[in-house]
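Protein chains: 2
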Amino acid sequence: MAVMPLVLKTALERVAADVDAAFDHILAVPDDARARLYEAMRHAAIGGGKRMRPLLVIAACDLFHVDRARALRVALAIECIHVYSLVHDDLPCMDDDDLRRGRPTVHKAFDDATAVLTGDALHALAFEILADPETHADPFVRANLVAELARSSGPSGMAGGQMMDLVAEDETFDLPTVTRLQQLKTGALIGFCLEAGAIMAHVQPEGRARLRGYARDIGLAFQIADDLLDVEGDVAATGKAVGKDAAAGKATFVSLLGVDRARRQASMLVDQAIGHLSVFGAEADLLRAIARYVVERDR
Amino acid sequence: MAVMPLVLKTALERVAADVDAAFDHILAVPDDARARLYEAMRHAAIGGGKRMRPLLVIAACDLFHVDRARALRVALAIECIHVYSLVHDDLPCMDDDDLRRGRPTVHKAFDDATAVLTGDALHALAFEILADPETHADPFVRANLVAELARSSGPSGMAGGQMMDLVAEDETFDLPTVTRLQQLKTGALIGFCLEAGAIMAHVQPEGRARLRGYARDIGLAFQIADDLLDVEGDVAATGKAVGKDAAAGKATFVSLLGVDRARRQASMLVDQAIGHLSVFGAEADLLRAIARYVVERDR
Numbered sequence: 088m089a090v091m092p093l094v095l096k097t098a099l100e101r102v103a104a105d106v107d108a109a110f111d112h113i114l115a116v117p118d119d120a121r122a123r124l125y126e127a128m129r130h131a132a133i134g135g136g137k138r139m140r141p142l143l144v145i146a147a148c149d150l151f152h153v154d155r156a157r158a159l160r161v162a163l164a165i166e167c168i169h170v171y172s173l174v175h176d177d178l179p180c181m182d183d184d185d186l187r188r189g190r191p192t193v194h195k196a197f198d199d200a201t202a203v204l205t206g207d208a209l210h211a212l213a214f215e216i217l218a219d220p221e222t223h224a225d226p227f228v229r230a231n232l233v234a235e236l237a238r239s240s241g242p243s244g245m246a247g248g249q250m251m252d253l254v255a256e257d258e259t260f261d262l263p264t265v266t267r268l269q270q271l272k273t274g275a276l277i278g279f280c281l282e283a284g285a286i287m288a289h290v291q292p293e294g295r296a297r298l299r300g301y302a303r304d305i306g307l308a309f310q311i312a313d314d315l316l317d318v319e320g321d322v323a324a325t326g327k328a329v330g331k332d333a334a335a336g337k338a339t340f341v342s343l344l345g346v347d348r349a350r351r352q353a354s355m356l357v358d359q360a361i362g363h364l365s366v367f368g369a370e371a372d373l374l375r376a377i378a379r380y381v382v383e384r385d386r
Numbered sequence: 088m089a090v091m092p093l094v095l096k097t098a099l100e101r102v103a104a105d106v107d108a109a110f111d112h113i114l115a116v117p118d119d120a121r122a123r124l125y126e127a128m129r130h131a132a133i134g135g136g137k138r139m140r141p142l143l144v145i146a147a148c149d150l151f152h153v154d155r156a157r158a159l160r161v162a163l164a165i166e167c168i169h170v171y172s173l174v175h176d177d178l179p180c181m182d183d184d185d186l187r188r189g190r191p192t193v194h195k196a197f198d199d200a201t202a203v204l205t206g207d208a209l210h211a212l213a214f215e216i217l218a219d220p221e222t223h224a225d226p227f228v229r230a231n232l233v234a235e236l237a238r239s240s241g242p243s244g245m246a247g248g249q250m251m252d253l254v255a256e257d258e259t260f261d262l263p264t265v266t267r268l269q270q271l272k273t274g275a276l277i278g279f280c281l282e283a284g285a286i287m288a289h290v291q292p293e294g295r296a297r298l299r300g301y302a303r304d305i306g307l308a309f310q311i312a313d314d315l316l317d318v319e320g321d322v323a324a325t326g327k328a329v330g331k332d333a334a335a336g337k338a339t340f341v342s343l344l345g346v347d348r349a350r351r352q353a354s355m356l357v358d359q360a361i362g363h364l365s366v367f368g369a370e371a372d373l374l375r376a377i378a379r380y381v382v383e384r385d386r
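Line by line, the protein sequences give chains A and B.
Under our numbering, the first residue of the first sequence is numbered 88, with each subsequent residue one higher.
Under our numbering, the first residue of the second sequence is numbered 88, with each subsequent residue one higher.
Pulled out of the complex, with its shape left as it was, chain A reads as follows:
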């Protein structure tokens, strides 16, 4: 098991605590019949997960010295989207998972209908957070964040990738198609995490190419590592079911490349991701550590 570098461990623990505290505040349970919805949102959102996407937002914002309280709001929004997608993905009619982050999934702890609404409510909450003046004083920044998040999570981003993933159960995808699937399903949202830092700091679109390159590379590396964990990981460490893709007959990077080539490919992508950061100094050390950890983690 890889040892996590201290800079990364500290940053992850801090962002996890901050995200939990912010969710605890924003998801205060109302004293009416909506209570069950908020309890389910809390169950899904608080006290679990790697918080990798919030960390990426914070790390990208750090590059441009964005105020941390504001960066955290963007981190919270992206985690709302990530968590909503997990809650819906775990539904019996989707991946049918009973376990997530080492705990019962929302539809197991509550019921299917509550899980559908919980995902929908977290989805809306993400945009409510981004559009609030507390996230940024400049409405252009807020509108831009919303546009980018909606695009990367909607039919031309994450939701489109999830559809491809459903189709993958019936068709045999080749490597370019699996790569495209993953770029939409997980890559688009990771791309948003990095772009968000630039948007918050008014960095122009043409100045964001390096961040997009980094995001694309670690996004794919992250997915290859996930495929490797699905083959080689264990339930106790990952906190979720393993071996599911193979059981569903889906093509993955591992089934297409084999374990050794997949591992080499992930490692190459990490080097390439770090290469994109060469113009930055020590302020990008956290992003470098994240890139390395993406392929070394065991969950």
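Quick caveat, the hints were computed from the structure, so don't treat them as lab data.
Fair warning: this is a prediction, and the values are worked out from it, not measured in the lab.
Treat the hints loosely; a few may be bogus.
Pairs involving identical chains hold if they fit within one copy or between any two copies, as the list cannot separate such chains.
[Claimed, not checked] Okay, derived cross-link-like pairs now, SDA-like style, lysine to any residue, Cα gap no bigger than 25 Å in a straight line:
#1 195 x 258
#2 331 x 382
#3 96 x 227
#4 96 x 266
#5 331 x 123
#6 195 x 257
#7 96 x 313
#8 137 x 109
#9 331 x 180
#10 195 x 134
#11 96 x 126
#12 195 x 149
#13 331 x 197
#14 195 x 111
#15 195 x 253
#16 195 x 184
#17 195 x 335
#18 331 x 199
#19 96 x 156
#20 96 x 334
#21 137 x 369
#22 195 x 182
#23 137 x 113
Following the hints, put chain B in place on chain A, whose structure we already have.
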């Protein structure tokens, strides 16, 4: 059956055609494995429904002489939210409806997983549309629209109301609780339709009280009329199953007030809604016609 006034009939037909054309354009089916998602989104969004919410947006924008092409984009966004909520609501784990707008529901025409993703994709699309500069040149307006739509569709709005509706199957709600449920479940989004016109025209929040009052009154009247149709309507006219609330043992305005009082209450609310418009001239005639039609419709 009530005869629809010509001004309303013409406006509804025009907005329905415009919404269909816009969805047809924005939901062009891509030539890849996401095709199924776009086909399901088209099935859900095109060629059906009363388009009452888009019409309310257009009518509210007309009060303030907002450019129609821009008003239509807001109308499209609100219809995305409305349609996503219907697609999820119809799922077997929710209301389990096979028929919607006279056609098979998305999970019947496709499958449950596709229906979950279709709702999610339409949800994201709503915010993508609002945040786009084509909707309004002023980013403050765009961010404001997003904030209001997210709030009125999220846990403190529509999704919260839907949760109360789930709880209503197990508990017996009194009239104030049913009123609150409906204000969240359908009223919040209707409120957004009216507010959106004011936001698009830079009308300050304090100037929007009349529109909010109108929205609150027709929202409740609309719901009482729906409850009456659920008891008295027929499948052929409404295009959806009837008698479901009674079968589920839910308290409704009709079960709490009886048919006669419910009908009088709806009629009183319509008068009150029209009263809020007294400061406006002929430019509010469409809103007046809508208010009257809300309780006279047979579907």
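Tested hints:
1. Proximity of residue 195 and residue 258 under a CA criterion of 25 Å is satisfied inter-copy only: 22 Å between copies versus 30 Å inside one chain copy.
2. In the homo-oligomer, the alpha carbons of residue 331 and residue 382 lie at most 25 Å apart inside one protomer (20 Å), although the nearest pairing across protomers, at 52 Å, exceeds that limit.
3. Neither within a single protomer nor between protomers do residue 96 and residue 227 lie at most 25 Å apart by alpha-carbon distance, with minima of 34 Å and 39 Å respectively.
4. Taking CA atoms no more than 25 Å apart as the test, residue 96 paired with residue 266 passes in neither setting, with 30 Å inside one copy and 50 Å between copies.
5. Taking CA atoms no more than 25 Å apart as the test, residue 331 paired with residue 123 passes between copies only; the shortest distance there is 23 Å, against 31 Å inside one copy.
6. In this homomeric assembly, residue 195 and residue 257 come within 25 Å of each other (Cα to Cα) only across copies, at 19 Å, whereas the closest approach inside a single copy is 27 Å.
7. Taking CA atoms no more than 25 Å apart as the test, residue 96 paired with residue 313 passes inside one copy only; the shortest distance there is 20 Å, against 55 Å between copies.
8. In this assembly of identical chains, residue 137 and residue 109 lie within 25 Å of each other by CA distance solely inside one copy; the values are 16 Å within and 40 Å between copies.
9. Within a single copy, residue 331 and residue 180 get their C-alpha atoms as close as 15 Å, and across copies as close as 24 Å, so both meet the 25 Å cut-off.
10. In the homo-oligomer, the alpha carbons of residue 195 and residue 134 lie at most 25 Å apart inside one protomer (17 Å), although the nearest pairing across protomers, at 37 Å, exceeds that limit.
11. Taking the shortest alpha-carbon separations for residue 96 and residue 126, neither the intra-copy value of 29 Å nor the inter-copy value of 44 Å comes in at or below 25 Å.
12. In this assembly of identical chains, the alpha carbons of residue 195 and residue 149 never lie at most 25 Å apart, being 38 Å within a copy and 48 Å across copies at closest.
13. For a Cα distance limit of 25 Å, the shortest separation of residue 331 from residue 197 qualifies both inside one copy, at 23 Å, and across copies, at 23 Å.
14. For the homomeric pair residue 195 and residue 111, the shortest alpha-carbon distance inside one copy (22 Å) is at most 25 Å, but the shortest distance between copies (38 Å) is not.
15. Taking the shortest alpha-carbon separations for residue 195 and residue 253, both the intra-copy value of 22 Å and the inter-copy value of 17 Å come in at or below 25 Å.
16. With identical chains, the CA atoms of residue 195 and residue 184 are at most 25 Å apart both within one copy (9 Å) and between copies (23 Å).
17. Taking CA atoms no more than 25 Å apart as the test, residue 195 paired with residue 335 passes in both settings, with 21 Å inside one copy and 23 Å between copies.
18. Taking identical chains as interchangeable, the C-alpha atoms of residue 331 and residue 199 lie at most 25 Å apart whether they share a chain (21 Å) or sit on different chains (20 Å).
19. Taking the closest pair of Cα atoms, residue 96 and residue 156 come within 25 Å of each other only inside a single copy of the chain (20 Å); across copies the shortest separation is 51 Å, beyond that limit.
20. Taking the closest pair of Cα atoms, residue 96 and residue 334 never come within 25 Å of each other, the shortest separation being 34 Å inside a single copy and 55 Å across copies.
21. For a Cα distance limit of 25 Å, the shortest separation of residue 137 from residue 369 inside one copy, 24 Å, qualifies, whereas the shortest one across copies, 58 Å, does not.
22. Both within a single protomer and between protomers do residue 195 and residue 182 lie at most 25 Å apart by alpha-carbon distance, with minima of 13 Å and 19 Å respectively.
23. Taking the shortest Cα distances, residue 137 and residue 113 sit within 25 Å of each other inside one copy (20 Å), while across copies they are farther apart (36 Å).
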